[in-house]
Amino acid sequence: MLKILKSEWLKEKRSANAKLLLLVPIIFTIFNLLMVRIMGINPVGQSYIMATAFNWYPLIILPTVISLLVVNITKKEKETNKIKFKSLGLDYNKQTVSKNLVVVFELTIMIIITSIIVYCLGTFLLGETIPTKQIILASFYLFIGSLPILGISFLSTNYLKSPLIIILNFILTILGAPIATENYWWLYPWSYSLRMLCPILGIYPNGLFLEKDSYLFNSTVLYLGTVVSLMAWFTCLTFQYLIDSRRDNV
1 MLKILKSEWL KEKRSANAKL LLLVPIIFTI FNLLMVRIMG INPVGQSYIM
51 ATAFNWYPLI ILPTVISLLV VNITKKEKET NKIKFKSLGL DYNKQTVSKN
101 LVVVFELTIM IIITSIIVYC LGTFLLGETI PTKQIILASF YLFIGSLPIL
151 GISFLSTNYL KSPLIIILNF ILTILGAPIA TENYWWLYPW SYSLRMLCPI
201 LGIYPNGLFL EKDSYLFNST VLYLGTVVSL MAWFTCLTFQ YLIDSRRDNV
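Numbering (my numbering), first residue to last: 1 to 250.
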């Protein structure tokens, strides 16, 4: 399993995904910085760069990027390679799991890079006081809340064309913004990260700052969100494993 995982990671080094890991955080934070400059002075105790970064990233950027990461790593595998893989007596299911784990790792790297850039820009360029604990928690729950989209995207590659996967994830995440404020948010995977970031950053899913007495400050959603996110991702991974097992036996 480790050899297959290492092989998949090495194949990614010269892929489009490797370029996305660096370009997306840099381009996004530059754009974010320009928007913050337009917004003007921060409200007391608030940070526009944190609010915009951790609102636009899960709402607009990550759904598309996750779709691209998944599509790129699955579609680059030629049919001849799959046949060769099977002829060698190797477990194709392990390759599927490895691809999933590689994208999870890529997502982790991308979020970490973005968070570091946002923190440095906010602290050293804008002179803001950004609590280290806050940005670490925001990054962690952004990652956890994105796992279901990753898992669903992998499953979708079995039935949908690449452009449709990208478009659907984008639209469904936009729809997740109003759903994230409802009691049934946990039933809608595309709203998970948006909802969990509310109590951490004190922002609505639309990027506006919360009122001090807002019910969205309730931190119990962090525990529920973590559980349902991991369950959703693991369920998708299990279904993908079963689908590949069935194909492998055909």
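If you're looking for bench data, these hints aren't it; they were derived computationally from the structure.
Accuracy of the hints is not assured; some may be wrong.
[Said to hold, decoys possible] Computed list of lysine-lysine pairs in DSS-like fashion (alpha-carbon distance at most 25 Å, straight line): (1) K161 with K19; (2) K212 with K161; (3) K6 with K94.
A quick note: this is a predicted structure, and the numbers were derived from the prediction, not measured.
Evaluated hints:
Among the hinted pairs, K161 with K19 is consistent with the structure: their alpha-carbon atoms are about 22 Å apart, no more than 25 Å. Distance hint between K212 and K161 is unfulfilled; the C-alpha atoms sit about 45 Å from each other, more than 25 Å. Between K6 and K94 the CA atoms are separated by roughly 12 Å; this keeps the pair inside 25 Å, and the hint holds.
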